[in-house]
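The chain contents come next:
Number of protein chains: 2
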Amino acid sequence: MLVPPGAVVGLEAGETVRAESYGRKAADLARLAALGLPVPQGVALSFECVASLAAGGPMPELPAGLVRDGLLALRPSPEERAWGGPSAMLNLGACARTLALLTERVGVVAALRFHIRGISRFAQMVHGVEPEEVEALIRKHLRAGTEPDEAALRALLADVEALYDDAVGEPWPEDPGEQLEAAARAMALAWRAPTARILRQAKGAPGNAGLGFVVQRLALSLAPGVSGCGLLQLVSGRSGGPEIAGGFTLRSQGKEASTRTYPLTGQGAVETPGQMPLPPLDELAPAAVERLAAAAAQATTEFRDAHLVEFALEAGEPMVIDSVPVRRNGRAAVRIAVDLANAGVIGREEALLRIEPRSLLEHLHPQIDPAAPRDVFGTGLAASPGAATGRLVLSSETAMTAAAQGEPTILARVETGPEDIRGMHAAMGVLTLRGGMTSHAAVIARGIGVPCVVGAGDLRIDLRARTLTSPDGRAYHEGALLTLDGTRGEILAGAPAMIAPELGGAFSELLDWADAVRDLGVRANADTPAEARMARDFRVDGIGLCRTEHMFFDPERLTVMREMILAESEEGRKAALDRLLPMQRADFVELFEIMRGLPVVIRLLDPPLHEFLPQESEDLHALALAMDLPVEQVTARARALREVNPMLGMRGVRLGLVMPEIYEMQARAIFEAAVAVNRDAREPVVPEVMIPLVSANQEVVLAKARIDAVAAAVQAEEDVDLAFRLGVMVETPRAALRAGDLALSAAFLSFGTNDLTQMTYGLSRDDAGRFMREYVNRGVFTEDPFHTLDLEGVGELMLIAAKRGRTKNPGLVLGLCGEHGGDPSSVRFCKVAGFDYVSCSPFRVPIARLAAAQASLLVRDTADSVQ
Amino acid sequence: MLVPPGAVVGLEAGETVRAESYGRKAADLARLAALGLPVPQGVALSFECVASLAAGGPMPELPAGLVRDGLLALRPSPEERAWGGPSAMLNLGACARTLALLTERVGVVAALRFHIRGISRFAQMVHGVEPEEVEALIRKHLRAGTEPDEAALRALLADVEALYDDAVGEPWPEDPGEQLEAAARAMALAWRAPTARILRQAKGAPGNAGLGFVVQRLALSLAPGVSGCGLLQLVSGRSGGPEIAGGFTLRSQGKEASTRTYPLTGQGAVETPGQMPLPPLDELAPAAVERLAAAAAQATTEFRDAHLVEFALEAGEPMVIDSVPVRRNGRAAVRIAVDLANAGVIGREEALLRIEPRSLLEHLHPQIDPAAPRDVFGTGLAASPGAATGRLVLSSETAMTAAAQGEPTILARVETGPEDIRGMHAAMGVLTLRGGMTSHAAVIARGIGVPCVVGAGDLRIDLRARTLTSPDGRAYHEGALLTLDGTRGEILAGAPAMIAPELGGAFSELLDWADAVRDLGVRANADTPAEARMARDFRVDGIGLCRTEHMFFDPERLTVMREMILAESEEGRKAALDRLLPMQRADFVELFEIMRGLPVVIRLLDPPLHEFLPQESEDLHALALAMDLPVEQVTARARALREVNPMLGMRGVRLGLVMPEIYEMQARAIFEAAVAVNRDAREPVVPEVMIPLVSANQEVVLAKARIDAVAAAVQAEEDVDLAFRLGVMVETPRAALRAGDLALSAAFLSFGTNDLTQMTYGLSRDDAGRFMREYVNRGVFTEDPFHTLDLEGVGELMLIAAKRGRTKNPGLVLGLCGEHGGDPSSVRFCKVAGFDYVSCSPFRVPIARLAAAQASLLVRDTADSVQ
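Protein chains in written order, with the numbering used here: chain Y, 1 to 867; chain A, 1 to 867.
Please keep in mind that the hints were generated in silico from the structure rather than gathered at the bench.
For clarity, every value in this text was computed on a predicted model and none was experimentally measured.
There's no promise every hint is true.
Remember, identical chains collapse to one label, so a pair may be satisfied in a single copy or spanning two.
What the hints assert, rightly or not - Below, in silico cross-link-like pairs of lysine to any residue (SDA-like), each with a Cα-Cα straight-line distance of 20 Å or less:
hint	residue 1	residue 2
1	LYS803	GLU792
2	LYS704	THR782
3	LYS808	GLU792
4	LYS704	VAL776
5	LYS704	GLU664
6	LYS704	ASN809
Throw the hints in and build the complete structure from the sequences for me.
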């Protein structure tokens with residue numbers, strides 16, 4: 001076999017060292033060297049060369065000086081750094097001549113240490129000697145914590161060489177070229193091992209991913225004086241703000257345990273109890289730190305991202321070993337991208353594309369400090385993000401009392417119902433043992449932005465003992481200090497350190513840029529004036545879903561609602577509805593005032609009526625007493641309303657057609673409110689009325705006729721022109737298939753992807769929690785379809801509906817109003833599918849704004865590349 | 001205006017009298033006349049002529065003799081008889097000359113009666129005189145029950161003529177031509193009235209449907225002697241068997257109240273208490289009856305269907321007034337069609353096409369005699385067809401005790417559970433107050449062929465008082481005699497007369513013909529050996545759905561099943577499953593033996609586990625005691641398994657993947673049973689294993705891997721080759737959309753259209769009962785989609801799936817196994833969509849066989865007509 005052409009190229013060759021031939025590390029080092037940074041002299045070996053080595057091919061010839069004049073480092077260089085690879089081998093070339101040379105340069109102790117490390121590492125990596133055997137020899141000759149002397153090191157070296165001879169069957173090869181070849185071949189073979197291939201394929205590497213090598217002069221970081229290894233970066237990985245961060249370990253070769261880390265500057269010092277603080281490196285070697293900071297700045301510009309430098313000092317002289325992007329959390333990522341764009345290093349669009357939209361959540365809610373210890377005693381579904389600390393309370397009343405005294409609480413319930421809403425408002429966090437992502441607790445908590453964990457089925461509540469007990473038997477009494485992590489779905493003991501939310505600065509700057517780019521509308525799901533205000537603060541393009549039922553959970557209204565439900569006749573229902581009318585109208589007036597100039601989609605009543613009645617028979621008794629009705633009548637009505645599968649029952653437009661007086665009341669409230677708000681002629685409101693749970697066109701035709709009649713009546717009574725739009729919520733597969741019909745009556749279709757996903761999969765979100773984790777872990781579902789829109793099933797139905805709808809009605813407005821509205825890949829899908837807007841809970845609006853901007857950029861780029 | 005060409009044609013003109021120009025009645029009368037039957041002389045007037053009359057056009061000239069020589073009848077003749085039209089007008093042409101003529105022929109009394117009837121009818125029809133005014137005059141001059149004398153009749157005639165003069169403002173027109181023209185114009189205008197048009201359009205008439213007239217010599221059926229009117233047919237309308245049936249009224253002109261009916265033969269005599277029996281007509285006028293019987297036979301051959309003759313006798317001389325198809329019930333229709341085919345009057349294929357498949361249900365179950373009075377005191381859903389009478393029992397135990405004593409019972413429960421199954425077997429009929437068409441009671445009852453009504457929510461059961469109470473307060477104590485009509489969904493007091501089922505004779509002959517024609521397979525849904533035997537009796541092509549869960553409801557197995565569910569660990573579950581294995585295997589051995597040589601699709605466990613546990617806390621306590629487990633453990637497990645929407649929960653393949661040991665046990669039982677049955681090498685069984693509730697292809701891949709492994713293990717253990725097919729039940733919209741993927745792993749797809757309909761509509765069948773009737777009545781849904789396959793939604797998903805599946809796997813077998821398998825229009829859809837088979841409950845197999853034959857004939861005819 002011959003050495004392939006271009007097998008070896010010097011790192012000084014600059015752009016010739018391409019990542020796709022020599023690997024990313026080789027290419028980056030060549031770029032750093034070209035910047036004039038002190039990169040140790042060396043060469044890159046091509047993928048082809050390494051593959052040939054693995055196949056038994058010859059080692060190419062390296063520059064003679066490189067091999068003869070000192071020790072070497074052999075580093076792997078795959079095409080992408082993330083794909084991993086074998087460990088680097090340092091200290092290659094140990095032989096009598098280099099020992100003498102090194103002794104001259106760094107003294108005999110350091111020289112011996114290089115040699116011993118070189119031989120033992122080689123024995124392990126190339127010949128499979130057990131690390132324990134080497135360690136036993138080290139223990140025999142050296143004492144931990146003391147500086148070794150020459151005699152001990154010479155004895156150790158002799159024993160290590162004997163071990164080598166013994167294990168390998170031949171003496172230590174004195175020829176550096178032979179050592180290098182053997183090491184390179186071993187690493188080349190390791191890259192080909194099946195396990196290694198599987199591992200990197202899991203990280204996205206192709207089956208035939210290549211490996212290159214970098215062979216460099218070794219930095220003599222074990223030398224006396226200010227020698228060692230470290231990292232330096234110019235921004236904080238936690239805030240993204242400017243700060244010299246990193247660390248330095250004296251006389252080391254990279255990361256070594258049991259070595260103390262020197263801070264780089266006085267600001268970076270960390271006190272460790274019981275130990276003298278180490279001086280900062282900029283006191284020991286100020287010029288080196290200055291040079292390295294400049295190097296990090298150069299690398300940042302060169303690589304167009306905040307980069308750190310991995311460096312070595314050789315008696316105070318800095319060398320750049322490598323440079324990689326700074327590790328950062330979500331908040332830091334935003335600050336860094338915005339700062340880079342403002343510094344002109346990257347463009348604003350690139351800044352937008354660099355941020356994972358979901359990471360913006362970290363800005364919106366308090367988070368538990370990632371560095372804080374976590375005493376988790378229970379887990380459930382992460383139903384509403386953010387973290388909160390407070391005293392445990394087991395009833396809504398206690399939560400309200402505590403809130404009145406300014407005491408923060410965590411409300412824990414088996415499950416919540418309408419009667420808990422005020423308690424949920426009063427608490428800092430809500431925990432339920434039952435229920436899924438669309439349970440009452442989850443929906444309400446997300447709506448009001450309270451952290452919430454639901455379905456923590458392993459926990460037990462004992463209302464007699466007033467305790468919350470963990471599966472391992474730890475019992476917390478009411479009043480115990482707990483922390484709820486709604487982002488992760490965990491319940492923690494105590495009060496770990498928190499990081500406050502931060503919505504200004506870089507965060508808001510980035511979103512301004514996003515709004516300038518995006519052309520997909522972002523609306524909010526907001527049910528109450530309070531949520532609408534929150535949505536307006538998040539700068540939405542309107543309300544995409546106002547679920548009117550949540551307006552009825554207020555205690556006073558709930559009472560009237562229950563009177564309506566328990567009424568024996570249409571007249572009785574109408575009487576109760578007449579009392580609800582002014583309340584609903586007042587809600588809408590407030591909502592419309594807040595959302596002036598923006599569209600507001602109001603969904604007519606959707607849930608089955610039994611959701612408004614208590615579940616337990618005691619509560620039904622109490623209700624009967626309060627309403628002055630026979631207990632039998634109340635329980636009979638509750639029983640009659642009970643459903644086997646409430647999700648698939650008498651709700652939505654079915655209720656609207658069977659008891660038309662309900663929708664008529666709601667339509668009247670909407671129209672009267674619109675008339676009232678529009679009187680002053682400032683930015684008029686055009687309400688959008690949405691009919692839920694449609695499965696047949698005739699449902700829309702009949703409901704529309706009644707709503708139009710109410711609109712005509714209000715117009716006549718008020719003597720005004722009333723503009724409104726009527727639309728359909730597409731939640732059933734059948735509505736999607738029949739969208740062509742629906743589009744003839746509807747001005748807009750809004751996809752309720754929560755229910756549409758449930759029905760397309762035949763999977764209740766409330767019940768799926770039991771196995772969803774296992775399903776996703778085992779790859780049955782690639783993703784939880786309630787989090788990420790299922791493009792293959794639900795998505796196809798949406799595409800069918802969009803196409804059929806727009807064919808029949810080209811002006812049809814298309815929106816998405818499920819929780820997927822805040823999921824970036826779903827937002828991208830909506831953009832590609834030609835939708836007009838997405839709507840999501842207020843706290844996910846920033847995610848959707850950024851995702852929409854990214855989608856616009858990506859679609860444009862694809863379009864460009866197609867042309 | 002001119003008289004249109006061809007306005008008048010004589011009935012003797014035969015084929016010239018086309019129904020599309022002169023109306024059906026005219027055409028039929030011409031055909032009867034051409035047969036040589038004694039049809040009174042007359043002419044037909046064309047649609048065009050009648051339309052012209054309505055528009056004020058001239059009356060065409062009629063044969064002079066016809067108008068001058070006697071009284072006339074003017075009869076409407078629309079294109080289809082079903083479209084209705086104005087009433088006929090008899091006795092036209094009353095004038096001095098005809099009075100004299102008639103007096104000569106039939107005597108003065110009969111002549112006067114013709115005249116009086118003619119004038120008063122004309123006054124009412126043409127001039128709107130109130131019938132009460134005429135009746136007052138009749139009451140003044142005649143005494144009911146006595147024969148009028150000439151003097152009284154003359155006085156009456158004078159008063160009637162005076163009334164006419166008074167009301168119309170001019171004297172009675174003596175000119176018969178003038179009378180005829182006025183009557184014809186009035187009838188032509190009546191046909192154009194908007195109400196009349198709407199009425200006939202509701203019956204399928206086009207907007208411009210034409211009306212023709214027949215003008216005939218009047219049969220003088222009021223004459224002395226054996227004169228009168230009657231009907232005669234040669235087959236029974238109830239059995240379809242040969243029998244001279246009909247009746248005759250003396251001296252009448254068609255149907256006249258308060259006239260006694262003479263039987264046609266001695267066999268047809270009906271005794272009326274307190275009255276002397278009338279002599280049969282074949283004693284009074286034997287030649288006439290013989291002639292008329294021959295006429296009916298001729299008409300039957302001529303019109304290729306069992307026809308009756310409407311006749312008049314003029315002093316013993318028969319005349320044929322009309323001939324129409326014999327009215328018949330479903331059973332008679334089959335017998336008639338088969339007899340006609342056997343007599344060579346029609347072909348077998350035509351016989352097949354003449355029977356509405358659904359009407360075959362009448363053959364399969366006892367029915368309440370349609371003639372019996374019905375004392376209905378409650379209604380619910382018609383969950384399982386047939387009628388049964390028995391003593392009311394309110395518990396399954398009582399039903400079993402009564403059955404042991406040979407006492408038939410009707411079991412009434414609020415709802416049923418697994419513990420009621422033996423009681424349901426023991427009862428003759430089952431009634432539940434709760435539940436829908438897929439409730440436990442409904443499914444089990446249909447399976448075992450027991451009449452059942454569910455969801456009778458207006459009834460109340462009081463277990464203390466042991467009563468069943470109707471909404472109007474009627475209370476029936478346990479032991480009361482009740483009748484359940486599962487075909488109509490009614491509960492009746494007492495024991496009305498029944499008609500027994502009849503499966504032999506014409507019924508089975510017709511189905512043999514159907515089998516010879518059809519090319520769509522018909523399988524049965526059968527869960528137990530008993531049902532499989534029943535299916536085999538109905539001559540199925542295999543079992544399309546064996547729901548294995550029903551095998552676990554037997555008390556002994558239920559106990560082991562519950563142990564499995566309550567086990568805390570996989571080992572505990574396996575131990576219980578090991579005990580279930582031999583029981584399941586034995587079931588399958590029996591099933592396979594019964595179904596030798598035919599395919600058997602076995603669906604792996606589908607329902608959620610909580611369906612196997614009791615609902616009530618008392619029952620859970622008892623269960624804990626019986627199992628020797630802590631009550632808390634049992635109730636906690638039951639609570640943990642409870643689901644918000646069980647239809648969309650942890651069931652089907654989800655359960656199969658999370659607890660794989662269940663499917664593994666079932667697969668082993670299936671394979672071991674197949675091996676055992678196939679040992680003797682007679683007609684080997686190839687089991688078809690079906691995975692339920694799939695929504696993602698990976699579910700199939702994972703379940704298949706485990707099932708294949710079990711098959712391999714059984715093959716190795718038994719040292720045999722084991723053939724089986726694995727398939728997927730398509731019940732979720734997503735499975736339909738992803739059928740292309742599924743077809744790569746599956747040998748067959750079977751559409752579970754019950755669940756597919758539920759999910760496509762987002763509509764729980766159990767909860768839909770509450771509003772389905774209203775929805776269908778108001779036309780929101782054109783049909784109940786659980787009865788008739790929704791072609792626009794569910795059907796489209798099936799077509800998508802069929803196309804995608806067959807594209808990827810051209811050999812893919814496609815079946816339908818929901819209740820729609822027994823619905824004729826759904827069967828037709830499956831044929832057109834290229835399916836291989838439908839599968840339905842055993843009792844619907846005959847319907848499906850006939851519907852499949854019809855579909856083949858219709859598809860072939862369409863194909864012929866396309867070529």
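(message) Taking the earlier hints as the rules, which of them does this structure contradict?
(response) none
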